Amino acid sequence: MGVNSSFPESSQQVARAAFSRLAHAYTVSDTDINVREKKKKASKFATLRKKLTRARRHSRSLDYGKALRDLTSSWSLAEVKALIQEYEALASLKEVALAANLARPPASSFRQDLTNLFDKKFSSDVDLVYRGACFPAHRALLSMRSPYFRNLLSRYPDFNMQVPINFRTAGVDVTLFASLLRYLYTDSIKTEDLKHEHKKVLIKLVEEFGMPNPLEQDLRNLLDTGDYRDAVLVFSCDLVADMPDPMSVSMTESYTSNDFPCKTTQHELYCHKAILAARSPSFRNLLLRRARSGEEITDRTLHTPTRIVLDESVIPRRYARVLLNAIYQDTVDLSLILRGSASMCSLSEAQAIVAGKGQMTIVDEAMEVYQIGQFLDFPILSQGCEDIIVENIGIDNLINILNWSSEPHGSQWVHRQALHYLREEFLQVIHSPVLLDLSKEYLIEALSSDFLQAGELDVLTAVLKWGEHQLIRRIEEREPNLLSHTTHSISKKGVKKRDLNDIELRDILAELLPLIRVDHIIPYNCEVLNSAIKRGLVSTPPSHMLGDEATGGQRVCAWIRSKHNGMFMRPRIFTPYFEEAKSMRDEFLSQGQDSDTGRVRTIQMSAIPDTLYMVDETHYPQASGYQGLTSSSTVDIIAGTIPVPDSNTLKLMLQREQELQSSKLCQRATSLAYSDRRAINCQLQLRTVREFGLPDITIEILQNSQRYYSNSESVPASLQLRQGRRYHSSPVRRKNSPPLSRHSSKMGSPTKPVVSVTSSRTQPSRSKESNTSPCSDSALSDVMPDIAMATSSMGQVRVQEEFELDIGDGNSHHGTMYI
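Be aware that the sequence shown starts at 1, since it is given in full-length UniProt numbering, and climbs by one per residue.
Derived from the structure by calculation, the hints contain no laboratory data.
Fair warning: this is a prediction, and the values are worked out from it, not measured in the lab.
Think of the CB as a built atom: it goes at the ideal place given N, C-alpha and C, for glycine as much as any other residue.
Errors might be hidden in some of the hints.
Across the chosen pairs, the derived CB separations fall in these ranges [to be verified]:
| id | residue 1 | residue 2 | range |
| --- | --- | --- | --- |
| 1 | 173 | 408 | 51 to 57 Å |
| 2 | 408 | 510 | 42 to 48 Å |
| 3 | 474 | 289 | 54 to 60 Å |
| 4 | 213 | 132 | 30 to 36 Å |
| 5 | 127 | 173 | 15 to 21 Å |
| 6 | 314 | 507 | 41 to 47 Å |
| 7 | 439 | 281 | 34 to 40 Å |
| 8 | 224 | 63 | 55 to 61 Å |
Sequences and hints are given; from them, build the entire structure.
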């Protein structure tokens with residue numbers, strides 16, 4: 001069973017048809033399979049990416065295009081082009097950041113896991129002997145895949161028997177036989193292991209072996225039929241249960257007693273140990289422990305399947321079919337959930353009943369199945385559930401998904417996508433009751449981003465609305481208990497705006513108000529802004545109120561970089577503004593204004609601060625691409641250290657970072673005039689560490705690999721050059737660089753002058769330096785020109801030269817000479 005029953009009548013046709021498929025497998029390597037699987041995953045991610053970046057419906061309460069056109073009515077073509085360049089640089093950075101947010105470790109497919117099963121030989125139950133070579137194998141897989149092995153193994157039914165292999169076809173050596181076994185496990189053959197003459201032998205072997213179905217189809221047959229089963233999953237629950245519904249009884253459900261109700265129910269599903277061991281390390285370790293304890297021998301002696309009892313409080317029976325379908329088919333199908341089953345041990349169901357909630361939604365079920373995938377260390381199941389959750393994100397369940405994903409047991413990948421949804425749908429959020437239930441942390445995450453899809457007037461209105469609601473809650477909480485919920489209660493009568501204390505409201509919004517880019521509020525004479533200024537909520541008026549309104553020069557400087565950019569603040573890439581700016585440029589060009597006397601100087605800034613004080617972490621990390629690292633990073637809290645990968649993993653990470661830097665997306669982003677290369681590199685490093693399954697804080701290792709790895713040979717030469725430029729780009733030693741090594745113990749080694757700088761400012765301690773943001777790179781030389789580092793007077797610089805003396809006592813004496 002599981003083998004095609006329709007064969008051509010002629011043996012030549014059999015050989016030709018079979019060889020056409022086997023020859024295809026002969027030419028397909030593991031690399032080709034990985035490429036196909038990557039394309040499949042890429043197409044799935046492309047759909048998800050398209051969903052996340054789809055066109056948004058913006059609020060109609062304000063004509064954003066008209067507002068921007070009124071602001072730029074007096075602008076020149078050069079100024080409009082400069083604004084478009086700002087938007088284009090942010091758009092490219094947004095694409096890089098989106099790719100970093102979507103990055104996660106790749107989950108192995110069933111082909112990859114079965115390849116590992118064939119190579120590692122774990123949980124084997126039969127030994128194939130061919131020409132003196134022994135090949136541990138798995139009876140169920142071989143029997144389903146090949147009629148030859150099905151007939152052969154049926155004559156050797158005992159466990160771990162040595163089965164001799166004999167072929168009528170001549171020319172089959174050990175290498176070719178191993179390749180045939182690999183093909184039965186993986187549907188592919190390693191071409192580098194075969195010789196050219198093996199091609200003719202393959203044609204003759206087809207008639208003797210029989211041509212198997214595709215691997216995916218045979219695994220489906222194993223799951224549906226239960227043939228060659230040698231294990232059974234038992235879902236046990238020690239609670240008093242009512243009489244089961246007919247759906248549960250039809251799913252091969254057995255009970256310990258024939259009387260109902262009973263104290264213990266058991267739901268059994270047959271499966272195969274080889275598949276379980278290949279797909280899940282948890283099942284593999286369980287089977288290995290049973291084999292070492294001798295329980296495996298007992299099961300084989302009694303010819304009974306191995307019973308794997310699962311606690312239904314951890315893995316409810318209603319998800320049993322979903323679990324097995326993912327194990328055998330690499331797909332997560334929540335329609336297989338037994339929604340009518342009496343699974344009374346599910347913790348989430350009990351919590352839902354206590355909370356008075358109704359039927360679980362598909363998002364709630366995906367969250368539960370995600371936990372099962374995490375428990376069983378089965379990434380395919382977990383990532384499939386993550387995709388389902390993200391595809392079903394909406395305004396109604398946004399807060400639920402954000403709260404769940406921020407928990408230690410939640411998904412950081414889902415959390416990043418939920419925050420992205422919040423930024424993209426911010427206009428829809430602020431016009432719904434969801435805004436009032438958002439926590440301050442989520443609002444800070446949204447308002448800190450350059451990619452927030454909202455105008456600054458909408459942002460200011462939303463922040464004030466949220467703050468007033470929080471103040472009303474605080475007033476209600478301060479209300480005496482004797483008065484609350486009565487006819488004279490504040491909650492019953494309501495609170496009027498004139499009764500709100502603006503000082504207390506300013507304290508509530510102290511962390512949110514600085515994130516509003518007041519200079520970018522248009523129309524600039526709106527009532528909301530004027531009211532906020534009068535109430536003292538906006539401490540610094542926008543530049544148009546301080547400058548000359550007739551010329552509007554200050555308002556231009558706040559939007560674009562120019563010669564006088566003291567008031568410049570980078571605008572958010574709000575899509576209606578971007579589209580309107582491009583429309584205005586096209587109108588200018590259509591009128592023949594392709595040249596302009598008013599030039600705007602464009603400089604490749606790459607986020608270089610204007611002065612020394614801007615290097616402080618409180619100023620610079622607000623740049624785009626650096627938000628969310630603190631909240632989304634999962635650091636080893638117990639050890640308080642960064643998880644440092646081994647040197648081989650570091651090499652792969654550095655190579656991957658170089659590949660991303662040479663990609664078309666990165667090259668385009670860095671080629672733009674106003675691109676922030678530091679932010680782009682940070683996003684590439686985030687993408688790298690996320691693809692390797694490491695926390696975000698690990699980018700500190702990519703930025704300072706020589707600090708964590710003393711052996712420079714573990715770092716590629718190109719990366720050593722990059723690190724060398726980072727550490728020695730200026731004549732002043734970095735304050736966070738490792739201390740300069742002393743001279744070699746060998747006598748007569750050449751000495752090198754060491755330059756040190758003394759300053760009256762107290763240097764921060766090592767523990768404080770470790771708390772800086774990983775994207776800050778903790779160095780002045782990385783974000784400012786070398787000439788800015790040399791602002792100290794020559795009187796504060798001293799050159800010291802260390803040397804060794806030999807005075808004849810057998811010891812080495814060190815001295816220092818100051819110049």
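Per the hint of 30 to 36 Å, is the separation of the Cβ atoms of residue 213 and residue 132 within bounds?
-> holds, 32 Å
Distance restraint evaluation - residue 314, residue 507, Cβ atoms, bounds 41 to 47 Å | holds, 45 Å
Between residue 439 and residue 281, is the Cβ distance one that fits in 34 to 40 Å?
-> holds, 36 Å
Starting from the range 15 to 21 Å, see whether the pair residue 127 and residue 173 falls in it by beta-carbon distance.
-> holds, 19 Å
Outcome for the supplied range 54 to 60 Å, where the beta carbon pair is residue 474 and residue 289 | Check passed, 55 Å falls within 54 to 60 Å.
Has the hinted range 55 to 61 Å been met by the Cβ atoms of residue 224 and residue 63?
-> Between residue 224 and residue 63, where Cβ atoms are some 59 Å apart, the hint holds.
Whether the CB-CB distance between residue 173 and residue 408 falls inside 51 to 57 Å | holds, 54 Å
Beta-carbon spacing of residue 408 to residue 510 - inside the hinted bounds 42 to 48 Å or not = Distance hint for residue 408, residue 510 is violated at roughly 29 Å.
When the structure is compared with the earlier hints, a violation turns up for hint 2 alone.
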